[in-house]
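For the sequence shown, UniProt numbering assigns the number 1 to the initial residue and increments by one for each residue that follows.
Just so you know, the hints here were simulated from the structure itself, not pulled from any lab data. Accuracy of the hints is not assured; some may be wrong.
To be verified - No farther apart than 30 Å at their CA atoms in a straight line, the calculated lysine-lysine pairs in the DSS-like style are these:
| # | residue 1 | residue 2 |
| --- | --- | --- |
| 1 | Lys22 | Lys99 |
| 2 | Lys233 | Lys254 |
| 3 | Lys90 | Lys51 |
| 4 | Lys133 | Lys118 |
| 5 | Lys51 | Lys22 |
| 6 | Lys22 | Lys72 |
| 7 | Lys51 | Lys13 |
| 8 | Lys4 | Lys133 |
| 9 | Lys72 | Lys99 |
| 10 | Lys13 | Lys90 |
| 11 | Lys105 | Lys304 |
| 12 | Lys22 | Lys4 |
| 13 | Lys99 | Lys74 |
| 14 | Lys4 | Lys105 |
| 15 | Lys72 | Lys51 |
| 16 | Lys4 | Lys90 |
| 17 | Lys99 | Lys4 |
| 18 | Lys22 | Lys133 |
| 19 | Lys133 | Lys105 |
| 20 | Lys99 | Lys118 |
| 21 | Lys118 | Lys22 |
| 22 | Lys105 | Lys118 |
| 23 | Lys4 | Lys118 |
| 24 | Lys74 | Lys22 |
| 25 | Lys211 | Lys233 |
| 26 | Lys105 | Lys90 |
| 27 | Lys90 | Lys74 |
| 28 | Lys51 | Lys74 |
| 29 | Lys99 | Lys125 |
| 30 | Lys181 | Lys211 |
| 31 | Lys4 | Lys51 |
| 32 | Lys125 | Lys4 |
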Amino acid sequence: FRTKTSALNDSSKRNALIMGRKTWDSIPQNRRPLANRLNVIVSSTFVNTEKNPNIEVVSTFEDAHELVSLGKYKREIENVFVIGGGQIYKEAIESPYCKSISLTKVFADIECDTFFPKINPDIFKTSTSSDIKEENSIRYQITQLERITQPQTSLVINTQRHEEHQYLDLVRRILTEGVFKSDRTGVGTVSLFGAQMRFSLRESFPLLTTKRVFWRGVAEELLWFISGNTSAKSLQDKNIRIWDGNSSREYLDKIGLNHREVGDLGPVYGFQWRHFGAAYETMHTDYTGRGFDQLRSIIETLQKNPNDRRMIMSAWNPPDLQHMALPPCHILSQFYVANGELSCQMYQRSCDMGLGVPFNIASYALLTCLIAQGLDLSLGILSTH
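Assemble the whole structure, with the sequences as input and the hints as a guide.
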């Protein structure tokens with residue numbers, strides 16, 4: 001709540017919170033007023049004796065709106081949030097100024113005497129829903145609803161940052177906070193450990209635009225993985241040359257794979273996905289029925305037991321690393337279903353932020369989309385580490 005209602009794009013401004021008298025009284029006294037925000041209390045009886053610049057008292061909801069949008073605060077208020085109670089909520093969602101609603105659904109039988117007003121589905125539609133979470137044995141879900149037709153002046157001006165900013169912020173963090181380390185290439189790296197990004201797949205696809213992502217390469221390589229293929233020539237025949245450097249004669253000889261034919265990458269990604277544990281011979285070998293087919297197992301589990309918590313696919317197979325032209329960067333993925341939505345979490349041991357990360361985000365998003373479509377599931381989120 002504090003993060004959402006305090007977030008600003010312009011640090012010279014602040015947000016406003018509109019609330020009724022009972023909501024104000026429900027805030028612990030040592031936390032009133034809520035810091036760094038203008039607290040506007042709607043009450044015909046409350047008297048502000050504190051003379052605090054962060055507190056304003058008005059008689060009606062309309063007065064509150066005029067104060068923050070048209071009155072003396074209009075130039076310093078960036079976002080306006082209505083935080084209760086029931087009557088104030090009702091006036092807010094029935095007003096033409098309300099742009100969006102952040103609704104927390106609690107999945108529990110709790111005796112209540114105050115209720116959130118009915119939301120008109122002709123005016124507000126669901127834009128996003130979080131995964132169902134649990135705290136103190138109570139399950140809940142946060143749903144964002146947006147006004148279908150926006151008025152010119154909005155009471156809630158809660159601009160959502162585009163998800164690509166996660167990527168830009170992470171690049172910035174690496175440059176400012178990253179640790180310099182030498183590496184096998186002799187060039188060196190600047191890195192952070194354990195960073196995470198989350199992208200919604202519900203209404204969009206995370207094809208980052210900071211640099212141009214080679215979409216045809218993403219799609220063809222993913223199909224190449226799915227087929228279990230380990231030949232770089234199969235991609236070269238489609239003018240996809242992203243594996244050329246790691247399958248050349250010079251490179252294979254350099255890493256001790258002198259016996260390997262040019263273009264033979266060894267037991268890399270697709271081989272592990274489809275034939276985990278099988279003994280690798282050459283890129284020409286027919287591996288049908290050999291090893292464990294992780295991808296097929298995940299699809300079958302999604303069909304039979306979508307609540308399973310062990311739907312994991314690993315490309316990291318330690319005994320095979322010495323036989324690979326390049327150990328995998330994106331080493332593991334886990335699939336998860338909630339409320340009919342398929343989500344994927346992808347773990348990268350190490351990856352180039354400029355080249356590989358945008359490519360891999362698109363690749364695993366596409367894989368999730370393909371599986372969801374094939375199994376008639378809705379799309380959830382893609383989480384990357």
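Could you work out which earlier hints the structure fails to respect and list their numbers in ascending sequence? none
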